[in-house]
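Enquirer: So you can see what is in the structure, the chains are spelled out below.
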Amino acid sequence: MSDLTAHATSRGRSATTTPDGAASPRGMSGTRGLTRRRSRTPITWVRRGGLSTLVFMLPLLIAFGFFSWWPILRSVMMSLQRTNFVGAAEWIGWTNFINVFNDPLLATAVWNTTQYTLVSVLIGFPVPILLAIFIGELRRSRPVASVLVYLPVIIPPVVAVLLWKQFYAPDANGLFNQVLGWFGAGPLGWINDVDLVIPAIIVQATWAGFGGTTIIYLAALRSVQTELYEAAEMDGAKIWRRFWHITLPQMRGVMLIMLLLQLIGVFQIFAEPYIMTGGGPANRSVSVLMLIYRYAFIQGDYGKATALSLLLALALCLLSALYLWATRRWSQT
Amino acid sequence: MRLSRRCVATAALGTTMALALGACAGTDPESEGDPADVDTDAPVTITVGNLAPTENPESRENLLAMVEEFEADHPNITVEPEETTWSSDTFIPMLQGGTLPTTLEIPFTEIQALIGRGQVYDLTDLVAGSEALSQLDPSILATVQDSDGNIYGVPYQAYTMGLVYHRGLFTEAGLDPDSPPTTWEEVREAAQQITENTDATGFATMTTDNTGGWTLSTLSYAFGGAMEEVDDDGNANAIFADTGATAEALEFYRTLRWEDESMGANFLMNQDDIMNDLGAGQLAMTVNGADSYGNLVVNRGLAPEDFGVAGLPQSEDALGTLAGGAIAMVSPNATPEEAAAALEWIEFVKFQRYLNEDAAVEFASSRAADDLPVYPPLLPVLGGEVEEQYTEWIAEYINAPVEQFEPYTSTIADIPLVPEPPVKAQELYATLDAVVQAVLTEEDADIDTLLSEAQTSVQQQIDAG
Amino acid sequence: MTTTSTFRARRRADAAAFASERSILSVHDRKQPGVRVGLTLLSILVVGTLVLISAGPLLWLFKSAVSSTQDILREPFGLWPSGIQWGNLYDAWTRIEFGKYLGNTVWIAVGSWFFGLLVATTGGYALSVLRPRYGKVVSALVLATLFIPGVISLVSLYLTVLDVPLVGVNLLNTFWAVWLPSAANAFNVLIMRRMFDALPHELFEAAKIDGAGPFRIFAFLVLPMSTPIIGVVSLLTIVQAWKEFLWPLLVLPDADKQPLSVALPRLQETAETSLMMAGMFISVIIPVALFLLFQKQFLRGAGQAGALKG
Numbered sequence: 001m002s003d004l005t006a007h008a009t010s011r012g013r014s015a016t017t018t019p020d021g022a023a024s025p026r027g028m029s030g031t032r033g034l035t036r037r038r039s040r041t042p043i044t045w046v047r048r049g050g051l052s053t054l055v056f057m058l059p060l061l062i063a064f065g066f067f068s069w070w071p072i073l074r075s076v077m078m079s080l081q082r083t084n085f086v087g088a089a090e091w092i093g094w095t096n097f098i099n100v101f102n103d104p105l106l107a108t109a110v111w112n113t114t115q116y117t118l119v120s121v122l123i124g125f126p127v128p129i130l131l132a133i134f135i136g137e138l139r140r141s142r143p144v145a146s147v148l149v150y151l152p153v154i155i156p157p158v159v160a161v162l163l164w165k166q167f168y169a170p171d172a173n174g175l176f177n178q179v180l181g182w183f184g185a186g187p188l189g190w191i192n193d194v195d196l197v198i199p200a201i202i203v204q205a206t207w208a209g210f211g212g213t214t215i216i217y218l219a220a221l222r223s224v225q226t227e228l229y230e231a232a233e234m235d236g237a238k239i240w241r242r243f244w245h246i247t248l249p250q251m252r253g254v255m256l257i258m259l260l261l262q263l264i265g266v267f268q269i270f271a272e273p274y275i276m277t278g279g280g281p282a283n284r285s286v287s288v289l290m291l292i293y294r295y296a297f298i299q300g301d302y303g304k305a306t307a308l309s310l311l312l313a314l315a316l317c318l319l320s321a322l323y324l325w326a327t328r329r330w331s332q333t
Numbered sequence: 001m002r003l004s005r006r007c008v009a010t011a012a013l014g015t016t017m018a019l020a021l022g023a024c025a026g027t028d029p030e031s032e033g034d035p036a037d038v039d040t041d042a043p044v045t046i047t048v049g050n051l052a053p054t055e056n057p058e059s060r061e062n063l064l065a066m067v068e069e070f071e072a073d074h075p076n077i078t079v080e081p082e083e084t085t086w087s088s089d090t091f092i093p094m095l096q097g098g099t100l101p102t103t104l105e106i107p108f109t110e111i112q113a114l115i116g117r118g119q120v121y122d123l124t125d126l127v128a129g130s131e132a133l134s135q136l137d138p139s140i141l142a143t144v145q146d147s148d149g150n151i152y153g154v155p156y157q158a159y160t161m162g163l164v165y166h167r168g169l170f171t172e173a174g175l176d177p178d179s180p181p182t183t184w185e186e187v188r189e190a191a192q193q194i195t196e197n198t199d200a201t202g203f204a205t206m207t208t209d210n211t212g213g214w215t216l217s218t219l220s221y222a223f224g225g226a227m228e229e230v231d232d233d234g235n236a237n238a239i240f241a242d243t244g245a246t247a248e249a250l251e252f253y254r255t256l257r258w259e260d261e262s263m264g265a266n267f268l269m270n271q272d273d274i275m276n277d278l279g280a281g282q283l284a285m286t287v288n289g290a291d292s293y294g295n296l297v298v299n300r301g302l303a304p305e306d307f308g309v310a311g312l313p314q315s316e317d318a319l320g321t322l323a324g325g326a327i328a329m330v331s332p333n334a335t336p337e338e339a340a341a342a343l344e345w346i347e348f349v350k351f352q353r354y355l356n357e358d359a360a361v362e363f364a365s366s367r368a369a370d371d372l373p374v375y376p377p378l379l380p381v382l383g384g385e386v387e388e389q390y391t392e393w394i395a396e397y398i399n400a401p402v403e404q405f406e407p408y409t410s411t412i413a414d415i416p417l418v419p420e421p422p423v424k425a426q427e428l429y430a431t432l433d434a435v436v437q438a439v440l441t442e443e444d445a446d447i448d449t450l451l452s453e454a455q456t457s458v459q460q461q462i463d464a465g
Numbered sequence: 001m002t003t004t005s006t007f008r009a010r011r012r013a014d015a016a017a018f019a020s021e022r023s024i025l026s027v028h029d030r031k032q033p034g035v036r037v038g039l040t041l042l043s044i045l046v047v048g049t050l051v052l053i054s055a056g057p058l059l060w061l062f063k064s065a066v067s068s069t070q071d072i073l074r075e076p077f078g079l080w081p082s083g084i085q086w087g088n089l090y091d092a093w094t095r096i097e098f099g100k101y102l103g104n105t106v107w108i109a110v111g112s113w114f115f116g117l118l119v120a121t122t123g124g125y126a127l128s129v130l131r132p133r134y135g136k137v138v139s140a141l142v143l144a145t146l147f148i149p150g151v152i153s154l155v156s157l158y159l160t161v162l163d164v165p166l167v168g169v170n171l172l173n174t175f176w177a178v179w180l181p182s183a184a185n186a187f188n189v190l191i192m193r194r195m196f197d198a199l200p201h202e203l204f205e206a207a208k209i210d211g212a213g214p215f216r217i218f219a220f221l222v223l224p225m226s227t228p229i230i231g232v233v234s235l236l237t238i239v240q241a242w243k244e245f246l247w248p249l250l251v252l253p254d255a256d257k258q259p260l261s262v263a264l265p266r267l268q269e270t271a272e273t274s275l276m277m278a279g280m281f282i283s284v285i286i287p288v289a290l291f292l293l294f295q296k297q298f299l300r301g302a303g304q305a306g307a308l309k310g
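Top to bottom, those sequences are chains U, S and H.
Under our numbering, the first residue of the first sequence carries the number 1, and numbering increases by one thereafter.
Under our numbering, the first residue of the second sequence carries the number 1, and numbering increases by one thereafter.
Under our numbering, the first residue of the third sequence carries the number 1, and numbering increases by one thereafter.
Source of the hints: derived by calculation from the structure; they are not laboratory data.
Some clues are possibly wrong.
[What the hints assert, rightly or not] Below, a list of computed lysine to any residue pairs in the SDA-like style, where the Cα atoms sit at most 25 angstroms apart:
| hint | chain 1 | residue 1 | chain 2 | residue 2 |
| --- | --- | --- | --- | --- |
| 1 | U | Lys238 | H | Asp29 |
| 2 | H | Lys63 | S | Gln282 |
| 3 | H | Lys63 | H | Phe220 |
| 4 | U | Lys238 | H | Val27 |
| 5 | H | Lys243 | U | Val127 |
| 6 | H | Lys31 | U | Arg329 |
| 7 | H | Lys31 | U | Phe243 |
| 8 | H | Lys31 | U | Leu138 |
| 9 | H | Lys31 | U | Gly236 |
| 10 | H | Lys31 | U | Arg139 |
| 11 | H | Lys63 | S | Asp273 |
| 12 | H | Lys136 | U | Gln225 |
| 13 | H | Lys63 | U | Asn173 |
| 14 | H | Lys31 | U | Glu230 |
| 15 | H | Lys243 | U | Lys238 |
| 16 | H | Lys136 | U | Leu73 |
| 17 | H | Lys31 | U | Pro199 |
| 18 | H | Lys136 | U | Ile43 |
| 19 | H | Lys243 | U | Pro199 |
| 20 | U | Lys238 | H | Lys296 |
| 21 | H | Lys136 | U | Leu138 |
| 22 | H | Lys136 | U | Trp69 |
| 23 | H | Lys243 | U | Ile43 |
| 24 | H | Lys63 | U | Tyr229 |
| 25 | H | Lys63 | H | Asp29 |
| 26 | H | Lys243 | U | Trp244 |
| 27 | H | Lys31 | U | Val203 |
| 28 | H | Lys63 | U | Trp182 |
| 29 | H | Lys208 | U | Ile239 |
| 30 | H | Lys243 | U | Trp182 |
| 31 | H | Lys296 | U | Ile72 |
| 32 | H | Lys296 | U | Ser320 |
| 33 | H | Lys296 | U | Gln225 |
| 34 | H | Lys136 | U | Phe125 |
| 35 | H | Lys31 | U | Tyr229 |
| 36 | H | Lys208 | U | Arg47 |
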């Protein structure tokens, strides 16, 4: 994704091929555009392939127009409206936003989402890195390890959530509680426990997702410049130093990107708490997206739901901007 | 505002069931015309929801047969049945997309919110003009009225909350299933005894999907406290933290959960979970609708002889027990002609059997033939006489162990019916779900603080309109 | 047998490829006895842990799929104390109709794949090769949606699906409601455009001079030259569609249309635990079998996805 923007900006600089033929510097296409504009009539437009171009563009325009651009625009409008879907919508200014901020659950949901994020960074971020580095050193068992790592990703996520819900059964016969029982510990309430519910959900989410990230890190590890290792070896750098001074710095870019993608994902956590706990116990696992869902689809307050969506989107935009900045930065080095 | 003053003038608590202040804020759909202008002979097509899915062929065929019969009686009306059922998350989409059937069955809990948002048809004149429907029990009819007495739906079935229990487990634990607990202290003792003597959980309560707050409200009434109060100026106030009764109810949960440990280990349970546990003999007692017999026996595998239901234990100053039921509503997008036809249909499907012996026998015999439960209505919606007559008609087809309902039916006359909280009931329930869960999952939960915070929160939601 | 021998040869070639490529440890390091022991231990530890963590839950699911409900709940680690219940699988398939939900899931994935690729390839081609004057604006608008998180339009997209503007149709309870919104994927369009940009455009010019129109160039030059990226985008799109939960939950309230992801949590409320496990197992075996068959393609695709994201 990163290079897309990098590409968009670098495009002006590099010579590119135009449909008209010879490679020409981008600067010239401007004048070409001018000459074309002068002779523009519907007939010349069709003859120049304008119509067939439009035909190619049409699927994109339809898909984005109906299902991306218009809904986004409509969201902004709806956040300032009240409607019961029988009569006409009524403009009510910032009332929806005020109602969102007056909801005592908002603070809970934001705090929970922060906790989800923190725990997920703590657990979900280092595991794939370490695993990728270990697997990267393996030789004969590497294919097996790669397949095993990716296996959970293949399982439909809802199956994974339901399976773990079963593992987290709070009675003494629950699978995890039996394991604890072997060590004389427990039983724990897991998702029934106000303090364990978020870590328990994140452990499940990490299990479902670590494989994909590990494989990405493995691919990144292969692109570490091997000359650097050789040079370091010449200097007598031991294994640990090579890891610390070469592997990690070379992986920094991917790591940052993965971290941001993870943050963006966890900010929108929904299915896991929705299926496992419904937001309980005592609202301790309600996420912001769940709150949006409740506003819209349980309480029928679409204005309030879009208002909170806009606020969440704002937070995510900040993360995305950071992400794009990071990708651009690291793809240049 | 003129409109809100009118609301205020008619507002009074307790005597009538629902008092939706929200109703005053809602806009009345323009579509209702004077019934005199409605041409009831003109051809009209209505869509009706709640057709049973193909997995349930008996009920499906039954409804389809009724459609045929109805159309034969009313040649100008075409009825198109569809499988749509009520769910809060699909209602708005159907309304918005114009796919809402002309009439649909919804629970009591939903109607006031719909009235408040102007999303349901005003049936006042149509109900007044119907002989059968004008006999509806006034206290039940009140659930579908706004503060002006306008009628927005047809309640066709009602129930109250009771203590639902597993007779087999009672026997196994050494308790007498014919004399279930009548006080909360006895419930506690029975729960202890069951937990000690069997593998099952003694007592459990629903906690998720708003059912936690619903059950807690029921218990609060039984302990003597209302959830909301409407003052002389017509403002609704959440009062559950102030009455002490809700705190008593929570204290009851707390004792069973943390002192007796007789409530099991799972505290994230919705109605399905609780019903499944009861059906599987893993749970002995819960508070639920007293009419759970059909659901438990048909869908959850409970043996009919294990079903027990008792009147909800009442403390000395109890208000009564919470009442609920089902309502047939009409789409706000319906034309007056469609609404009139829909009401004919509702009357035909829901009430004909109470007024016509052949229909009663046909209904009861076909259910009995399909092994579906047949028993007299626990809570009459059309005055007691009508129901008595009906019970006589269906007597020979009754296949449910009616004597096991006795601990409940014997209390009906004594325990008053209390409506659900009049304003923003679902929001109140949702807020209290979290309180119930907190008490059940945190040993040191501070009940008073939780309640006062919840009350503030509910009040804000009420004030937000 | 030929298949096994080619398989072995392939594995040997793989091993050779791994051996020639270096990592933190050098060939020299690997000859050190300490490192060798350490590596062996690491290998056992990593593979052992992964078997437990990744394969363990799957094996447990299989065990539970053919266990009685009592056994699953009371003795999660017991090996069929009340005997193996093969009937569970049959019952789950017939009584709860897992087959139907599986079919819906596949159908949703196929449609999302088709429309996703249609929009991405034609759009990418128009933006990269045909380049109309308004292309820049379109590109910018598509790029902008990358910045705007999907959650912003969850509610309004839903209302749009209920009553598509201009056309006025209601897509609720149709697969179109899932297919079309998923096709508006900015990431896929921009990836395609970038890949098409990298193709030798002189070739297209030459073809044009030979009289090939834009459709021929698209179908016979651009598409065949981009099969690798089309493969990766296909994989991403299908996996994405397979995982989708919230959106189908909203737009497919009709049980007959629901994919597994939506149907399973609903069924879990009412279905018996043993049947539920059997159903979950049924919904897992197909993707797992596909993965084991095409593991290389999957893993390569997953790695490339990372390169694209990065």
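Enquirer: Run every hint past the structure and note whether it holds.
Expert: Verification of the supplied hints:
For the proposed pair U:Lys238 and H:Asp29, the alpha carbon gap of about 10 angstroms is at most 25 angstroms, so the pair holds. As the CA atoms of H:Lys63 and S:Gln282 are separated by approximately 23 angstroms, the hinted pair is consistent with the 25 angstroms bound. Restraint check for H:Lys63 and H:Phe220: not satisfied, since their Cα atoms lie roughly 50 angstroms apart, outside the 25 angstroms limit. For the hint linking U:Lys238 to H:Val27, the alpha-carbon distance of about 14 angstroms falls within 25 angstroms, and the restraint holds.
Note on H:Lys243 and U:Val127: the hinted pairing holds, with a Cα-Cα distance of about 22 angstroms set against a maximum of 25 angstroms. Only pairs whose Cα atoms come within 25 angstroms are accepted, and H:Lys31 paired with U:Arg329 is rejected, the gap being roughly 39 angstroms. With a CA separation close to 19 angstroms, the supplied pair H:Lys31 and U:Phe243 stays within the 25 angstroms bound. For the suggested pair H:Lys31 and U:Leu138, the alpha carbons sit about 14 angstroms apart, so the restraint of at most 25 angstroms is met.
Of the supplied pair hints, the one linking H:Lys31 and U:Gly236 holds, its CA atoms being roughly 17 angstroms apart against a limit of 25 angstroms. Under the criterion of a C-alpha separation no larger than 25 angstroms, the hint pairing H:Lys31 with U:Arg139 is consistent with the structure, at around 13 angstroms. At roughly 24 angstroms between alpha-carbon atoms, H:Lys63 and S:Asp273 fall within 25 angstroms of each other, so this suggested pair holds. Our distance criterion of 25 angstroms between C-alpha atoms is broken by H:Lys136 and U:Gln225, whose separation comes to about 37 angstroms.
The straight-line distance between the Cα atoms of H:Lys63 and U:Asn173 is roughly 16 angstroms, inside the 25 angstroms bound, and the hint therefore holds. Our distance criterion of 25 angstroms between C-alpha atoms is met by H:Lys31 and U:Glu230, whose separation comes to about 16 angstroms. Proposed proximity of H:Lys243 and U:Lys238 is contradicted: the alpha carbons are some 44 angstroms apart, above 25 angstroms. This hinted pair checks out: H:Lys136 and U:Leu73 have alpha carbons roughly 20 angstroms apart, not beyond 25 angstroms.
A threshold of 25 angstroms between alpha carbons decides the hint, and for H:Lys31 with U:Pro199 the separation of about 42 angstroms lies outside it, so the pair is violated. Of the pairs offered as hints, the one joining H:Lys136 and U:Ile43 holds, with about 23 angstroms between alpha carbons and a cut-off of 25 angstroms not exceeded. The straight-line distance between the Cα atoms of H:Lys243 and U:Pro199 is roughly 22 angstroms, inside the 25 angstroms bound, and the hint therefore holds. Annotation: proposed proximity of U:Lys238 to H:Lys296 is violated, straight-line Cα distance about 33 angstroms (limit 25 angstroms).
The suggested pairing of H:Lys136 with U:Leu138 is violated, with an alpha-carbon distance near 47 angstroms, which exceeds 25 angstroms. With a CA separation close to 16 angstroms, the supplied pair H:Lys136 and U:Trp69 stays within the 25 angstroms bound. Note on H:Lys243 and U:Ile43: the hinted pairing is violated, with a Cα-Cα distance of about 47 angstroms set against a maximum of 25 angstroms. The suggested pairing of H:Lys63 with U:Tyr229 is violated, with an alpha-carbon distance near 47 angstroms, which exceeds 25 angstroms.
Our distance criterion of 25 angstroms between C-alpha atoms is broken by H:Lys63 and H:Asp29, whose separation comes to about 43 angstroms. Of the pairs offered as hints, the one joining H:Lys243 and U:Trp244 is violated, with about 36 angstroms between alpha carbons and a cut-off of 25 angstroms exceeded. The straight-line distance between the Cα atoms of H:Lys31 and U:Val203 is roughly 38 angstroms, outside the 25 angstroms bound, and the hint therefore fails. Proposed proximity of H:Lys63 and U:Trp182 is supported: the alpha carbons are some 21 angstroms apart, at most 25 angstroms.
This hinted pair does not check out: H:Lys208 and U:Ile239 have alpha carbons roughly 57 angstroms apart, beyond 25 angstroms. Our distance criterion of 25 angstroms between C-alpha atoms is broken by H:Lys243 and U:Trp182, whose separation comes to about 35 angstroms. About 39 angstroms separates the Cα atoms of H:Lys296 and U:Ile72, which puts this hinted pair outside 25 angstroms; it is violated. The straight-line distance between the Cα atoms of H:Lys296 and U:Ser320 is roughly 31 angstroms, outside the 25 angstroms bound, and the hint therefore fails.
Proposed proximity of H:Lys296 and U:Gln225 is supported: the alpha carbons are some 24 angstroms apart, at most 25 angstroms. Taking the CA atoms of H:Lys136 and U:Phe125, the gap is near 37 angstroms; set against the 25 angstroms cutoff, the hint is violated. Restraint check for H:Lys31 and U:Tyr229: satisfied, since their Cα atoms lie roughly 17 angstroms apart, inside the 25 angstroms limit. Taken as a hint, the H:Lys208 and U:Arg47 pair is honoured in the structure, with Cα atoms around 14 angstroms apart against an allowance of 25 angstroms.
The structure is inconsistent with the numbered hints 3, 6, 12, 15, 17, 20, 21, 23, 24, 25, 26, 27, 29, 30, 31, 32 and 34, although it conforms to all the rest.
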